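There are 2 protein chains.
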Amino acid sequence: MNQQPLFLGIDGGATKCRVVLQDFDGKVLGTGLGGSANPSHGMHTVIDSIQNAVQMAIAKAGLSMDVLTHTIAGAGLAGLHLARYRQQANEWQHPFRRLYLTDDLQIACLGAHGGQDGAVIIAGTGFSATSVTLGDSRVLGGYGFLMGDKCSGSWIGHQALQQVLLATDGLAPPTALEALIADKFDAQGAELADQLIDATPSQYASLAPLVFLAASKGDKPAEDILQQSADFLSRVARRLLESQPPRLSLVGSIAEMLRARLEPEVQSRLTALQYQPEVGAIHFARQMYAKEGQEVNA
Amino acid sequence: MNQQPLFLGIDGGATKCRVVLQDFDGKVLGTGLGGSANPSHGMHTVIDSIQNAVQMAIAKAGLSMDVLTHTIAGAGLAGLHLARYRQQANEWQHPFRRLYLTDDLQIACLGAHGGQDGAVIIAGTGFSATSVTLGDSRVLGGYGFLMGDKCSGSWIGHQALQQVLLATDGLAPPTALEALIADKFDAQGAELADQLIDATPSQYASLAPLVFLAASKGDKPAEDILQQSADFLSRVARRLLESQPPRLSLVGSIAEMLRARLEPEVQSRLTALQYQPEVGAIHFARQMYAKEGQEVNA
Numbered sequence: 121m122n123q124q125p126l127f128l129g130i131d132g133g134a135t136k137c138r139v140v141l142q143d144f145d146g147k148v149l150g151t152g153l154g155g156s157a158n159p160s161h162g163m164h165t166v167i168d169s170i171q172n173a174v175q176m177a178i179a180k181a182g183l184s185m186d187v188l189t190h191t192i193a194g195a196g197l198a199g200l201h202l203a204r205y206r207q208q209a210n211e212w213q214h215p216f217r218r219l220y221l222t223d224d225l226q227i228a229c230l231g232a233h234g235g236q237d238g239a240v241i242i243a244g245t246g247f248s249a250t251s252v253t254l255g256d257s258r259v260l261g262g263y264g265f266l267m268g269d270k271c272s273g274s275w276i277g278h279q280a281l282q283q284v285l286l287a288t289d290g291l292a293p294p295t296a297l298e299a300l301i302a303d304k305f306d307a308q309g310a311e312l313a314d315q316l317i318d319a320t321p322s323q324y325a326s327l328a329p330l331v332f333l334a335a336s337k338g339d340k341p342a343e344d345i346l347q348q349s350a351d352f353l354s355r356v357a358r359r360l361l362e363s364q365p366p367r368l369s370l371v372g373s374i375a376e377m378l379r380a381r382l383e384p385e386v387q388s389r390l391t392a393l394q395y396q397p398e399v400g401a402i403h404f405a406r407q408m409y410a411k412e413g414q415e416v417n418a
Numbered sequence: 121m122n123q124q125p126l127f128l129g130i131d132g133g134a135t136k137c138r139v140v141l142q143d144f145d146g147k148v149l150g151t152g153l154g155g156s157a158n159p160s161h162g163m164h165t166v167i168d169s170i171q172n173a174v175q176m177a178i179a180k181a182g183l184s185m186d187v188l189t190h191t192i193a194g195a196g197l198a199g200l201h202l203a204r205y206r207q208q209a210n211e212w213q214h215p216f217r218r219l220y221l222t223d224d225l226q227i228a229c230l231g232a233h234g235g236q237d238g239a240v241i242i243a244g245t246g247f248s249a250t251s252v253t254l255g256d257s258r259v260l261g262g263y264g265f266l267m268g269d270k271c272s273g274s275w276i277g278h279q280a281l282q283q284v285l286l287a288t289d290g291l292a293p294p295t296a297l298e299a300l301i302a303d304k305f306d307a308q309g310a311e312l313a314d315q316l317i318d319a320t321p322s323q324y325a326s327l328a329p330l331v332f333l334a335a336s337k338g339d340k341p342a343e344d345i346l347q348q349s350a351d352f353l354s355r356v357a358r359r360l361l362e363s364q365p366p367r368l369s370l371v372g373s374i375a376e377m378l379r380a381r382l383e384p385e386v387q388s389r390l391t392a393l394q395y396q397p398e399v400g401a402i403h404f405a406r407q408m409y410a411k412e413g414q415e416v417n418a
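Just so you know, the protein sequences line up as chains B and D, in that order. Heads up: the first sequence is residues 121 to 418, going by this note's numbering. Heads up: the second sequence is residues 121 to 418, going by this note's numbering.
No lab work stands behind these hints: they were computed from the structure. On a predicted model such as this, the values are computed, not experimentally measured, just so you know.
It does not matter which identical chain is used: a pair holds within one copy or between any two.
Within a straight-line C-alpha distance of at most 25 Å, the following computed DMTMM-like cross-link-like pairs (lysine to aspartate or glutamate) qualify:
id, residue 1, residue 2
1, Lys-411, Asp-256
2, Lys-147, Glu-412
3, Lys-337, Asp-351
4, Lys-136, Glu-211
5, Lys-136, Asp-318
6, Lys-340, Asp-351
7, Lys-340, Asp-306
8, Lys-147, Asp-186
9, Lys-337, Asp-289
Use the sequences and the hints to build the structure in full.
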């Protein structure tokens, strides 16, 4: 007897990885969370993070790992728009019946709009954006840490550190960020810079909440950083809206936290997410699996 | 018979390393040039670069390497204000009779003002600045790549790349830098960003001449980057002038190239360099050696 397959959706981001397991009819059986799935830390980190998240989801579903042999998985991973990471990911000896790979942007868009046309802006640890319509498909950003990005958590954290170093030298106005960051790292000036000089995007992104905290208490330099981010995000939104997507959604914690600072016209165009990116990954897996079936039956 | 010592000055910067060899009376016997002396690439790179430069200077002087055993060396190395690099540098089994170590900023200041009080701003691959007066000694910057620095060659190169990536996505105005940088790397967009994501400060600094080129042809985004750098440099100068140093000099190719864009009041306060930093390193070595002699004789 042919067993009905299960479907697994994987959202692999720079700081964390989320998975959701559904039965054939779309009922959620379990969800899981793992660490960084940033391929620039090496594919073994990505695979570890995904495996941890999958184990958690299987356990929550009250199932055993055996089910993976009849599970169809879809994964959207940060960085997978780059050839070198795609190649590495394709070499993974995964435990699933099928694994369909794409980038994090595509699954976010599929999730946000339930598989229909639309545009999304992701701002979490990193930044990227896309608009998919019948006549046009465009991608913005997704270039990596401190690369053409002014609204991600890592950018906000990096800016905060710059403001602190400049303020320490009397080259920028005093800011509440000085004390907050000195406390977090127990260092300042040259020793603080040295601690962070090889920091990962996730480590920088971990400073972003301090910037929101300082801004909420009226710190002008912190508010300026966030307003710059929001202005950039508004510019991105306007650019995406040029291709007239039927919907536009924000994805990621930073995008959500910047929402109130966006231009009013942009705010008025925002539509709620239908599903999270990991559900978009299941959409993607179902589409690819159905297509493969058709090809086999053709 | 006691042989008169020779003196060797070493200026170890992020991109290159310069040495000068003098006889006891201060006559220049030879000069040499080596590669990067950036300790963040490992002390073996620093030592290799210095050794190459020293060999060149000895050869130009028509001497043999034996003279190093009666050579008193002074070295100012980028990064040596940080404890971990100081420790590594102190472990070097060097070939000199004596080696006195300090950071690049101190030797630049000693050279610029012939060993007297004064202030200097270094902007080459990296940025740092100091003012040394009787009543006050302050240091600004020197925090490393993309750390509280808005006027170094590496910062200018990084900004240029950001402008290009944003312009590619229609998020910033078109710039002549797009074609110049695409040509240099034979790549654009995501592939360009990926090529440069782990680039060294020196690699970024190698883009700075393209920014000066584009600005000289009237490219507004390139000119904006340079004016931002110059404004930062003016702010640094004003901060140094607060402690009323008798002299203020610019050191490094980028500082020199930004001179004409500085605030007029700042330009009017600039004084010419008396000597290059490697000669400042000899000043330092002579001071330290004389002090040691006094202590021995005391």
